[in-house]
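The listed protein sequences derive, respectively, from chains P and E. Letter by letter, the first sequence follows residues 1 to 261 of the numbering used here. Letter by letter, the second sequence follows residues 1 to 255 of the numbering used here.
Because the hints were derived from the structure by calculation, they are not lab data. Any given hint might turn out to be false.
What the hints assert, rightly or not - Partial chain E-side listing against chain P, Cβ under 10 angstroms, derived:
no. : residue
1   : 36
2   : 120
3   : 125
4   : 128
5   : 129
6   : 132
7   : 133
8   : 134
9   : 135
10  : 136
11  : 140
For clarity, every value in this text was computed on a predicted model and none was experimentally measured. Backbone N, C-alpha and C fix where the C-beta goes; we use that ideal spot for every residue, glycine too.
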Amino acid sequence: MIRVENLVKQYGGITASNHLNCRFEKGKVTVILGGSGSGKSTLLRQLTGLEKPDEGSVYIDGRDLTTLSRKQLFDIRKKMGMLFQGSALFNYMNIFENIAFPLREHTKIADNIIKTIVTMKLEMVGLRGTEHLMPSQLSGGMMKRVGLARAVVMDPHVIFYDEPTSGLDPISTGVIGKLIKDLNKALNITSIVVSHDIESCFKIADNIILLYYGEIIAKGTVEEIRNSTDERVKQFIHGEPEGPIPFTRTAKNYLDEILYD
Amino acid sequence: MEIAASIGRLTLYRIQVLGRSGIFIFSAIVQAFLPPFRISRLIKEIDFIGSKSFLIIFVTALFTGMVLGIQGYYSLSQFGAEAALGIMVALSIIRELGPVLCALMVTGRAGSAITAELGIMKITDQFPALEMMAIDPLKYVVSPKIIAGIISLPLLTAFFDLIGITGGYLVGVNLLGVNEGAYIGKLVAAVTFKDVYGGIIKSLCFGLIITWIATFTGYTAEATTEGVSRATTNTVVLTSLSILIVDYILTSLLL
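Same shape as in the complex, but just chain P (with noise of 0.2 angstroms):
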């Protein structure tokens, strides 16, 4: 389980994180969601360590990570699994050794273990028989999954998605909709999703968290976030253009600058 006491973190006077507490339990797909500029990725980014927040503290299993050193966020980073929204993977290596660096850095498993273990994750993934391909030669939806397949080759704890689904086919949507929830059942971990992807969003999440500037304006159950009263909310989740959230964000009255500038 991660827990999350009041995090803040400011980039330049603009309040990315703004004294956030939340928590993603195991056994659970929980959804980050919200617009661009939510500050989704950046609770993201602090939640795996990436980034240390200016104030407050992300409790992995009771352990305050922004006080860890190097070495310990380091071990406990291997208990953890995390899916790019470009899916990372290394343009020089097949498929094959992408999948299987983990496993080769950090174990002393031998060769045909090896070979057995990426089999297993590629089948998991659907992508059987393209071990000896180059990811340049994948299309965006594979190399997704390629990249689900090296997250999960040490058996994390934690898996972290960043944007699963955006750019991808509606089939494609699907298929990593269904091995997100289908892994975080299996393997009973805790799994967190960002998205902004309010469909695949609602079909895939057991909890859901909506961002908004900084801010969680609503957390729950898929259901009660379905059900919520609050204006902002059911403006996001229903997409709408006119509404409490702005879709211009600048300062200055948009008559006063056409007319008098």
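We have chain P; now place chain E onto it with these hints.
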């Protein structure tokens, strides 16, 4: 006031970048000597920076030596000292042209490629990916390149010296008719260990400079296509200038 402030800001920023690059190279070298060692990564980088530069160094050295042969013959024959052609070619190449031209060629071939590679790794999130797999990107990606540069450059320079002197021999002895015994004999008698040693010291420093600037510029490049192209240009310009300046400093110190 505005101008003074912006000059101050720029100066402070430059000093900051310099400081950061110092910490960067220091930790990369320290990391290189801490376990786990990845010998295969090092060999791959030596192959890229060193072995794959052989052909380009061969051609550069051959023609440099040949040109020196013609120019040297022209100058020396005015004093009737053609016999000293071997000394002139060998000393120019071993002391100066070998290390410098070699470093400039490697900058253009490998330095720019290293920056582009790191920049693209940055665009595609491969550094945070390594971090998330509990692998230090500096140790995994940067350290082998730095060590490979320091190992490769002296070897390439030695190869350059050999081919360059041969080029001078081909032109001087075979085309212009300088006495073979004079070319080789005077060369062997005149070139001291100190000359060779000075050239090797230079090439060691150049190996460090090339990989240092290339990796740091790539590692800190802005993660956009434009940022990477700018970083690649910066690497070539900055490294070439640094090589020429450091060459002057080293020459004056070593002489």
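Verification of the hints:
1. At its closest, the beta carbon of residue 36/E sits 8 angstroms from a beta carbon of chain P; the interface hint therefore holds under the 10 angstroms criterion.
2. A cut of 10 angstroms between beta carbons decides the hint on residue 120/E: the least distance to chain P is about 7 angstroms, and the hint holds.
3. Given hint, residue 125/E at the interface with chain P, holds; its Cβ is 4 angstroms from that chain's nearest Cβ, closer than 10 angstroms.
4. The restraint placing residue 128/E at the interface with chain P holds, with a minimum CB-CB distance near 5 angstroms, inside the 10 angstroms limit.
5. With its C-beta approaching chain P no nearer than about 4 angstroms, residue 129/E sits inside the 10 angstroms limit, and its interface hint holds.
6. The interface hint given for residue 132/E holds, since its Cβ lies 4 angstroms from the closest Cβ of chain P, which is under the 10 angstroms cut-off.
7. Interface hint status for residue 133/E: upheld, as the beta-carbon distance to the closest one in chain P is roughly 5 angstroms, under 10 angstroms.
8. Hint status for residue 134/E relative to chain P: holds, with the closest Cβ pair at about 4 angstroms, below 10 angstroms.
9. Nearest Cβ of chain P to the Cβ of residue 135/E: about 6 angstroms, under the 10 angstroms cut. The hint holds.
10. For residue 136/E, the interface hint holds, the least distance from its beta-carbon to any beta-carbon of chain P being 8 angstroms, beneath 10 angstroms.
11. For the restraint placing residue 140/E at the interface with chain P, the shortest Cβ-Cβ distance is roughly 8 angstroms, inside the 10 angstroms limit, so the hint holds.
The structure is consistent with each of the numbered hints, conforming to all of them.
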